[in-house]
Amino acid sequence: MTHVFQAGDISIHRIVDYEGGFMDPFEMFPALTPEQFADEREWLSSLGGLGPDGRLDLCFQSYLVRTPHHVILLDSCIGNDKNRPTRPEWHMKSDDRFMRGLAAAGARVEDIDYVMCSHMHADHVGWNTRLDNGRWVPTFPNARYVFSQREFDHWQAMNAKSAVLAFQDSVLPVIEAGRAELVADDHAIGDHVRILPTPGHTPGHVAVALGKGRDEAVASGDLIHSPLQARLPDLSTKFDVDQAQAASTRRAFLERYCDTETLCCMAHFPSPSVTRITRRGNGFDCSPVTG
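If you count by the working numbering, then the sequence shown holds residues 511 to 801, one letter each, in order.
Some hints could be false.
[Claimed, not checked] Here are the simulated lysine to any residue pairs, SDA-like style, with alpha carbons at most 25 angstroms apart:
#1 LYS722 <-> GLU691
#2 LYS671 <-> ARG645
#3 LYS603 <-> SER781
#4 LYS748 <-> ARG761
#5 LYS722 <-> SER521
#6 LYS722 <-> ARG786
#7 LYS722 <-> PRO798
#8 LYS603 <-> VAL693
#9 LYS722 <-> LEU692
#10 LYS603 <-> ALA541
#11 LYS748 <-> ALA541
#12 LYS748 <-> ASP563
#13 LYS603 <-> ARG640
#14 LYS671 <-> ALA687
#15 LYS671 <-> ASN652
#16 LYS722 <-> ASP534
#17 LYS722 <-> ALA541
#18 LYS671 <-> PRO713
#19 LYS748 <-> ARG594
#20 LYS722 <-> VAL693
#21 LYS603 <-> ALA687
#22 LYS748 <-> ARG645
#23 LYS603 <-> ALA617
Hints are computed from structural coordinates only; laboratory data are not their basis.
Given these sequences and hints, build the entire structure.
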């Protein structure tokens, strides 16, 4: 089953790589209190965001965007054959789910004009490359890969200190193949695609706004992981490099799009993952959109 959403003159497909249990809520969100979780547990479960085993259920996916001018892949998920020893569900994955999803959306790897990565964590760059006779090569041979310069600089410095596997197998081969564009925070592709700097989760994290003349849709990346963070926007994950900045960025994002018609394409929300934001007290609600 493929999911397609229409936003003005843009179509958006979800390409799911993996969906399922990820982590205990109290491990994922160190500041979460038992009282807060008890208040939101039933609601979170009703959205599919909490599994029967008590772990948060997350989706790992790309968004395939067709504008009148370009075919763009937003984030590239986990990928196959990647050495991810700390994540059993990701480690040396070898299934065809992502490629089947791409085909169901009517696209081939050759059709992608741009790949845009919100940041360089392993689950957002994985399909940037594929293994070809023991070498990592760009999966999308005709695409330009758009990376934040700030994000690249951060991970280049980190990798110089200690090996960052995802950077080495899913970013550097793209650079070496001459397929990358390292861009500033005001970068745009045509008149339908704009970068929004959203730091905190990582220093160069970006969201991507879509639409001509207005934000018809927006892809959040990892500024928010779970619907729980809409109700409790100050709740940051243990993965956020700067938890205070991440909370500030998240609240600003939710404020910007609350009570609007903008489709918010969340990276990790449970299916259908696309939502509209409304205000709820000091926090927000998210209403799933089914396409």
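Cross-check of the supplied hints:
Between LYS722 and GLU691, the direct Cα distance comes to roughly 22 angstroms. Compliance with the 25 angstroms bound is thereby established for this hinted pair. Taking the CA atoms of LYS671 and ARG645, the gap is about 23 angstroms. The hint holds against a cut of 25 angstroms. Distance check on the hinted pair: LYS603 and SER781 sit about 21 angstroms apart at the alpha-carbon level, within 25 angstroms; holds. The hinted pair formed by LYS748 and ARG761 meets the criterion: a straight-line CA distance of about 17 angstroms does not exceed 25 angstroms.
A threshold of 25 angstroms between alpha carbons decides the hint, and for LYS722 with SER521 the separation of about 13 angstroms falls inside it, so the pair holds. A distance of roughly 19 angstroms separates the Cα atoms of LYS722 and ARG786; the hinted pair therefore holds under the 25 angstroms criterion. Using a Cα cut-off of 25 angstroms, the hinted pair LYS722 and PRO798 holds, with the two alpha carbons roughly 23 angstroms apart. Distance restraint check for LYS603 and VAL693: the Cα-Cα separation of roughly 31 angstroms exceeds the 25 angstroms cut-off, and the hinted pair is therefore not satisfied.
Our distance criterion of 25 angstroms between C-alpha atoms is met by LYS722 and LEU692, whose separation comes to about 23 angstroms. The straight-line distance between the Cα atoms of LYS603 and ALA541 is roughly 32 angstroms, outside the 25 angstroms bound, and the hint therefore fails. Of the supplied pair hints, the one linking LYS748 and ALA541 holds, its CA atoms being roughly 9 angstroms apart against a limit of 25 angstroms. With a CA separation close to 20 angstroms, the supplied pair LYS748 and ASP563 stays within the 25 angstroms bound.
Under the criterion of a C-alpha separation no larger than 25 angstroms, the hint pairing LYS603 with ARG640 is consistent with the structure, at around 12 angstroms. Restraint check: the Cα-Cα separation between LYS671 and ALA687 comes to about 24 angstroms, which is no more than 25 angstroms; the hinted pair holds. For a cut-off of 25 angstroms, the pair hint linking LYS671 to ASN652 is broken: about 32 angstroms separates their Cα positions. Straight-line distance between C-alpha atoms of LYS722 and ASP534 comes to about 40 angstroms, which puts the hinted pair past the 25 angstroms bound.
Simply put, LYS722 and ALA541 have alpha-carbon atoms about 39 angstroms apart, too far for the 25 angstroms limit, and the pair is violated. A C-alpha spacing of about 17 angstroms is found between LYS671 and PRO713, which places the hinted pair at or below 25 angstroms, so the restraint holds. The straight-line distance between the Cα atoms of LYS748 and ARG594 is roughly 18 angstroms, inside the 25 angstroms bound, and the hint therefore holds. Note on LYS722 and VAL693: the hinted pairing holds, with a Cα-Cα distance of about 21 angstroms set against a maximum of 25 angstroms.
Using a Cα cut-off of 25 angstroms, the hinted pair LYS603 and ALA687 holds, with the two alpha carbons roughly 24 angstroms apart. About 33 angstroms separates the Cα atoms of LYS748 and ARG645, which puts this hinted pair outside 25 angstroms; it is violated. Among the hinted pairs, LYS603 with ALA617 is consistent with the structure: their alpha-carbon atoms are about 22 angstroms apart, no more than 25 angstroms.
Comparing the model with each numbered hint stated earlier shows that hints 8, 10, 15, 16, 17 and 22 do not hold.
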